[in-house]
Structure formats: C-alpha cells, structure tokens
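The chain contents come next:
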Amino acid sequence: MSETKFQSLKDLPTSHLLGAGTAMCAGCGGLEALHGIYDILGEKTVFINAAGCMSLLSVYPFTPFRGSWLYTAMASAPAGAQGVRDALDILLEKERIGPEDDLQTVVLTGDGSAYGMGLSATSAAIERGLDFIYICYDNEGYGNTGHQYSGATPHGARTATSKGPRGFGGHKKDLFAIWAAHRPSYVATVVGSEPLDLARKIEKAGELKGPRLIIVLAPCPTGWDYDPMETVEIGKLAVKTGVWPLKEYVDGKVAHTRVPRKRLPVEDYLKKQGRFAHLFDPHFQEEVVKEIQGRVDAYWEEFDG
Amino acid sequence: MSRMLLTGNGAAAWGMRLAEVDYLPAFPITPQTEIIETVAKWIDKDEIDCRMVTLESEHSMITAAGAAAATGVRVFTATSSQGLLYGMEMLYTVAGWRAPFVLVNVSRGLSSPITLEPDHNDILAARDSGFLQIHCATCQEVLDSILLAYRLAEDERVRLPVIVNLDGFYLSFTREPVDIPELAAVSRFLPPFDPENIRFKASEPVSQAVAVLGGGPYSYFRYQSHLAALNAASIFDDIGSEFGRIFGRTYEAVEAYRAADAELVFVMMGSFATKAKDAVDRLREAGQAVGLVRPRLLRPFPAAAFRQVLAGKKGAAVIDQNLSAGAGGILHGELTAALYGRPNAPNILAGFIGGLGGRDIGPEEFFEMAAVTRKAVDEGRTPPPRLLYTEGELREVRTLQKIAGIT
Ligand SMILES: Cc1ncc(C[n+]2csc(CCOP(=O)(O)OP(=O)(O)O)c2C)c(N)n1
Ligand code: SF4
Ligand SMILES: [Mg+2]
Chain H
120 MSETKFQSLK DLPTSHLLGA GTAMCAGCGG LEALHGIYDI LGEKTVFINA
170 AGCMSLLSVY PFTPFRGSWL YTAMASAPAG AQGVRDALDI LLEKERIGPE
220 DDLQTVVLTG DGSAYGMGLS ATSAAIERGL DFIYICYDNE GYGNTGHQYS
270 GATPHGARTA TSKGPRGFGG HKKDLFAIWA AHRPSYVATV VGSEPLDLAR
320 KIEKAGELKG PRLIIVLAPC PTGWDYDPME TVEIGKLAVK TGVWPLKEYV
370 DGKVAHTRVP RKRLPVEDYL KKQGRFAHLF DPHFQEEVVK EIQGRVDAYW
420 EEFDG
Chain E
19 MSRMLLTGNG AAAWGMRLAE VDYLPAFPIT PQTEIIETVA KWIDKDEIDC
69 RMVTLESEHS MITAAGAAAA TGVRVFTATS SQGLLYGMEM LYTVAGWRAP
119 FVLVNVSRGL SSPITLEPDH NDILAARDSG FLQIHCATCQ EVLDSILLAY
169 RLAEDERVRL PVIVNLDGFY LSFTREPVDI PELAAVSRFL PPFDPENIRF
219 KASEPVSQAV AVLGGGPYSY FRYQSHLAAL NAASIFDDIG SEFGRIFGRT
269 YEAVEAYRAA DAELVFVMMG SFATKAKDAV DRLREAGQAV GLVRPRLLRP
319 FPAAAFRQVL AGKKGAAVID QNLSAGAGGI LHGELTAALY GRPNAPNILA
369 GFIGGLGGRD IGPEEFFEMA AVTRKAVDEG RTPPPRLLYT EGELREVRTL
419 QKIAGIT
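Chains as they are written, first to last, in my numbering: chain H, 120 to 424; chain E, 19 to 425.
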C-alpha cells in the first residue's frame with residue numbers, strides 16, 4: 120500500500136464534493152464525517168443506504184451526491200451492495216460496461232441498522248468476502264424515530280426509551296470486535312472531528328479490496344441534547360477521554376491510531392451532553408459515572424498491556 | 019426442440035436456463051430447493067454462464083435480486099411460503115424500484131401450524147406487492163411462463179418484477195413430459211435484457227429509490243406502478259399469442275375449459291384446477307353443462323377476460339385454495355368485485371375453501387359444489403362460503419386428539 124497522501128491537515132481537500140442544503144440537522148456529526156468520507160471516495164461510488172437519518176439526504180428530486188444512490192430498507196443494505204457489486208462484476212466480465220464505468224459499492228447505515236437489524240446481513244456479506252465499504256454513522260440510538268436506545272447506546276444515556284433516573288441500563292455493543300472477528304480486509308473507527316485520521320483511514324479502505332468497514336462516532340445534537348456548535352468539541356472529547364478509541368484492524372491485528380496518553384476524565388465528555396445531565400443534576404450519580412470511567416480504564420489497560 | 023420428463027422444479031430451472039439469466043441470488047426452502055440445486059449443478063459443470071450467490075435470508079435475497087436488476091443484469095430467484103413472507107418487506111420495495119426480474123414461488127401453506135404442503139396463502143400475501151403474478155397448472159406451463167414473465171417484466175411499458183407460481187409437491191415434485199424449446203427460438207422470443215436506463219454506472223450517476231415527502235409524489239409513483247401493471251394485461255395477451263406462433267402453445271390470461279356452452283363453471287387457480295378439469299369431464303358425462311375457468315394471470319387481475327368468459331353463465335363455484343381468516347376466499351372476493359354490476363355477469367358466485375395444506379379435493383366434492391351452486395342459482399341466493407371437510411377427516415382429527423389425550 121502506498122504512503123498516505125494526507126501528511127497534515129493542509130493536505131485535506133479544501134472544498135466538499137457532497138452538496139449542501141440537505142434535511143440533516145445543524146451540527147450533525149454524521150454529516151460532518153460523511154463530507155470527509157465522500158471527498159476521498161469520490162463520485163465513482165454508489166451509496167446503498169438503510170433506513171435512518173441519512174435516508175433523507177436524497178429526497179425526490181434532489182440529491183447531494185454526484186455519484187449514485189440506492190435506498191434499500193433497514194435490514195438489508197449489505198445485501199443490496201451484494202446485488203449491485205455482483206451485477207457490476209457481471210457487466211464488466213461480459214463486457215457490457217467498460218472498466219471506467221465501475222463503481223465502489225458503499226453501504227451507509229446508522230447504528231440501529233449496523234448493530235442490530237442489519238447485523239446478520241453484514242456478517243454474511245463479510246463471510247462471502249464482498250468487495251464493499253460499510254460506513255456506519257453511530258449516533259448511539261434510533262435517531263430518525265426520535266432517538267430511542269439501540270444496541271449502540273452507551274451506559275447511562277437518556278434516550279426516548281430510557282428516561283429513568285439512571286438512563287440506559289445496558290452497555291454499548293462492541294461492533295468493532297464483532298466485525299473484526301469475521302477477519303475482513305479492514306475495520307476502523309473514526310470521528311468527523313479528527314479529519315486527518317479519518318482521511319487516512321478512508322484512503323486506506325479505498326485502496327483495499329474485500330469487506331472494509333468503518334464505524335463513525337456521530338455526535339448528534341438532536342439526540343444527545345447539546346448545542347450544534349459543540350459537535351467538533353464533543354467529538355474531540357470522545358477521543359481525549361478514551362471513550363471513543365481510534366483504531367484499525369488490518370491483517371489480523373488491531374492497532375490504535377491515536378493513544379490518549381493522559382486521558383481526560385469521562386465527566387468532561389458526559390457533562391457536555393444533555394443525555395447525561397441526570398448523572399450530575401439534581402445530584403451526582405457517582406457510581407454510574409465510576410462505572411463508565413471504569414470500563415474506559417479497563418479497555419485501555421488491556422491495550423496498554 | 020427436445021422432450022424431457024421434468025418435475026415442476028426442473029421445468030423452472032430449465033426456464034431460467036433458457037432465459038440465459040446472469041444472476042441468481044438464492045436461499046434454500048422446501049419445496050423450492052431443487053430449483054437452485056439444479057442450477058448450481060449446471061453452473062458447477064460450466065453448462066451455463068450465471069453467477070449464483072446464497073444469501074443469509076430471503077429478505078437479503080430479494081434485496082440482492084432487486085439491486086442487481088436495478089444495476090442492469092437479468093436476475094432469477096426462487097422461494098416458497100415462509101421465505102416469501104420473510105422477504106415481504108423487500109417484495110414491495112423492489113417492485114417500487116421497478117426492477118424487472120423473475121421470482122419463482124413454489125406455493126406451500128403458511129405457519130401456523132407449520133406444514134410442507136401447498137396452498138396459496140403464501141403467494142396471495144404478495145398480491146398487493148406490485149409484483150405481477152402468473153399461476154401455473156402444468157410443468158410445461160412453468161417453463162413457458164418463465165419466458166413469458168421475462169418478456170413481461172422487461173417490457174418498457176411494464177418494468178415490474180414477476181412471480182411465477184407453482185404448487186409445492188403437486189407440481190414441484192411431479193414429473194411430466196415437457197417440451198424444451200431450442201435456445202435460438204427462445205432468443206427470438208426473448209432477446210437479451212436491454213436495461214436502457216436501468217443501471218448504475220460511473221459515467222451516468224443516478225439516484226434510485228429515493229425518499230419522497232408528502233402524499234403527492236408518493237401517490238404519483240404508486241399510481242405509476244399500478245398503471246404499468248395494468249399495461250401488462252394486454253401485453254400478456256400479445257406475447258401469449260406470439261409465444262403460440264413460435265412454440266405452438268398459446269397462453270391466454272384466463273384459461274377456459276369446456277366453458278363456452280357451460281351453465282355453471284368452476285373457477286380455480288393452480289395445479290388443483292387439473293382435478294377440476296377431470297370433474298368437469300365426469301359432470302359432462304352425467305349430463306351437466308359444467309366448465310372450468312382458470313386465471314393464469316392474477317396480477318394484473320384479468321377482469322376483462324373474466325367478464326368475457328363468464329358472460330351469460332348462471333353461476334360459478336369459486337374454489338379458493340387459500341383462506342382469508344374472518345372473510346373467506348380471496349379469489350372469490352376479487353372476482354365478485356370484477357363482476358358486480360356488470361351486464362351478463364353470473365348471478366351467483368358461490369365460494370368454497372379447499373385444498374389447504376395440500377388437502378385433496380375429491381371428485382365427489384366437485385359434484386357437491388356443482389349441486390350447491392345449481393341450488394343457489396335456482397333459489398337466486400348466494401350461499402355463505404363453504405369450508406370443504408369430510409366427516410372422515412373430522413373423525414381422523416378426533417382420533418389424533420384422543421391419542422394426544424385431548425377430550
Ligand atoms: C423494518 C423497519 N423497522 C423500523 C423502521 C423504522 N425506522 C426508520 S429509521 C429507524 C432508526 C434507524 O436507526 P439507525 O440505524 O441508528 O439510524 P439513525 O436513524 O440513527 O440515523 C427506524 C427504527 C423501518 N424503517 N424499518
Ligand atoms: S438526529 Fe442526529 S444524526 Fe440525525 S440528522 Fe439530526 S443530528 Fe444528524
Ligand atoms: Mg442511529
């Protein structure tokens with residue numbers, strides 16, 4: 120694989136390929152990341168989408184994509200990618216289209232789809248070695264339906280279906296590990312507020328073949344309850360507190376692309392978001408915050424060895 | 019042309035082979051599996067140039083089928099009962115994509131209780147999905163219908179996916195002599211798929227299946243599909259005759275057997291209609307002017323053809339191999355809607371439910387249904403839907419209940 124084109128922030132594209140004026144909320148962290156991703160993958164792509172916020176990117180007769188798009192359903196975007204990829208391969212083999220008309224098949228779904236309903240379709244697509252890129256924008260809940268908790272919701276978060284004093288009682292599923300256990304070509308975590316790291320990973324994914332899967336932490340002002348202008352800051356804090364490890368899986372090994380040596384306390388991240396406000400007000404729920412901190416510490420201890 | 023002894027499933031595989039299908043997304047289910055196994059064997063032996071992929075579910079299978087068709091290749095797939103329902107969300111979805119491909123459904127009763135034997139509740143659950151439906155009664159018809167289905171699906175005035183339905187066991191596993199047309203003749207009838215503007219390619223980016231806001235655009239696209247489905251009715255007539263000119267077997271949307279001079283007719287779909295044909299012959303021998311009317315095309319609903327063949331009949335016994343719980347037979351309701359208030363329509367449409375889960379319909383039952391219908395005609399009153407069941411069958415169930423300790 121070639122050396123990265125993206126040595127520093129000034130190597131990043133200065134204008135965006137993805138059009139503006141979509142129905143996404145102001146400050147949408149998923150859209151922020153998608154801009155960065157699309158700039159690198161480019162227009163020779165077909166985005167295969169599952170039900171979620173991003174389904175409203177392309178609303179008849181408008182689309183912000185210069186390339187192609189296919190909306191499927193909540194559970195089966197990876198199967199849609201299978202059909203498109205196979206058909207493109209057939210058309211190429213039978214010389215009904217030329218190589219210049221080939222497309223990168225890119226699945227775009229939320230966490231609800233990726234962590235839950237679409238997981239078996241994804242698992243099977245990886246096991247079949249499908250040549251595709253999967254982008255999961257993880258806003259940690261069923262955003263489009265009003266932000267109910269999903270398999271990606273973190274412990275303690277208030278959602279439309281976890282409004283009790285302790286928030287969500289479950290724990291975020293480790294999708295990275297689940298995907299990596301399938302031994303695909305590539306798995307990575309990214310966040311829009313770390314654009315250089317994101318660009319390098321998308322660049323790498325774009326150069327590889329086979330199943331390549333990306334989980335994007337997608338700060339969501341609407342579902343996480345914070346001021347849209349804080350999206351970048353919250354994304355950065357997710358990394359600095361160690362809540363969102365930036366890492367990649369390639370050739371059977373997991374490597375961190377950023378190790379926050381001096382991790383900030385998780386409170387710095389939690390306090391910024393209304394969805395965790397009940398942990399601090401009317402009284403400090405020390406044991407819940409400790410539990411969250413404990414899990415983050417345990418994660419990094421395991422990797423620090 | 020050669021002649022072979024083929025099962026209904028074998029005939030389905032041959033239909034797909036002659037259509038020179040590019041892509042087959044698959045998933046096993048009894049009684050359909052023989053189709054995909056047959057194709058897999060041909061692929062392994064390099065006898066056909068088709069790519070086959072086994073998906074992890076029918077939901078994914080139908081998604082992949084629709085997506086590949088929307089990219090511009092010729093697609094075939096097959097399923098049955100639980101599989102068809104598991105993929106139901108995607109049936110509606112890919113029909114809305116206007117992705118032309120052919121799906122064979124091998125009818126099988128739906129759970130619960132779970133069974134392997136046929137009836138039509140599975141295929142009728144897909145009635146409103148936007149797929150067109152062709153129903154077969156013989157193995158020959160299965161093969162031929164697949165070729166007709168591709169012509170219909172790919173016609174630029176239609177562009178909708180088509181389901182070809184055959185009954186599990188009775189047709190899927192029954193061997194009949196089948197004429198296998200020459201590939202060259204088939205290519206004349208069914209030229210290679212020209213996807214025109216159906217495709218994904220870099221030089222011509224396109225957004226397919228995008229969201230709409232509001233009922234206006236939503237209704238627009240739904241109406242478009244409906245109008246396209248309606249177009250398919252006259253196109254089916256045309257290609258059915260063209261097929262006859264090339265292959266010597268003409269297909270009409272509604273088959274009429276000894277119906278022209280009949281006073282009463284049975285109306286039935288699928289392979290059980292061959293039982294009705296046999297009963298018609300016996301009733302004729304007994305001096306009764308009875309015929310059979312069988313829709314091949316169920317979507318679009320061949321209302322005009324029905325009106326024509328049923329004009330002047332005194333009554334019809336509509337035998338539904340399905341049950342809409344709390345209502346009755348589905349074909350009965352559809353036919354009533356097509357005939358109500360029409361001049362020359364039969365006065366009486368008597369509804370019967372039979373053949374659920376593969377339950378046989380015996381000759382004496384056809385005689386009884388004819389008698390019930392005749393009586394209704396004489397009295398001028400439509401009877402309530404009848405559920406076919408014999409005392410013997412009830413006794414059998416009672417015996418089973420006794421064994422199970424249920425009193
Ligand atoms: C089969 C099915 N069930 C439920 C829904 C309703 N639904 C639409 S979007 C959505 C939430 C999806 O969540 P996620 O994948 O996280 O995407 P987000 O909305 O957060 O962008 C749900 C539940 C649906 N479209 N399809
Ligand atoms: S709800 Fe959240 S994820 Fe969805 S568009 Fe708004 S900010 Fe983005
Ligand atoms: Mg979500």
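Because the hints were derived from the structure by calculation, they are not lab data.
One should not assume that every hint holds.
[Claimed, not checked] Not everything, but these chain H residues come out facing chain E in the computed CB check (under 7 angstroms): (1) Gly-161; (2) Val-165; (3) Thr-191; (4) Asp-220.
Built from N, CA and C at the ideal position, the CB exists for glycine as well.
Hint validity - H:Val-165 Cβ closer than 7 angstroms to any chain E Cβ:
holds (5 angstroms)
Does H:Gly-161 pass the interface hint, meaning its C-beta sits closer than 7 angstroms to a C-beta of chain E?
violated (10 angstroms)
Supplied contact hint for H:Asp-220, tested at 7 angstroms Cβ to chain E:
holds (4 angstroms)
Interface hint check: H:Thr-191, Cβ to nearest Cβ on chain E, cutoff 7 angstroms. Holds or violated?
holds (6 angstroms)
The structure is inconsistent with hint 1 alone, although it conforms to all the rest.
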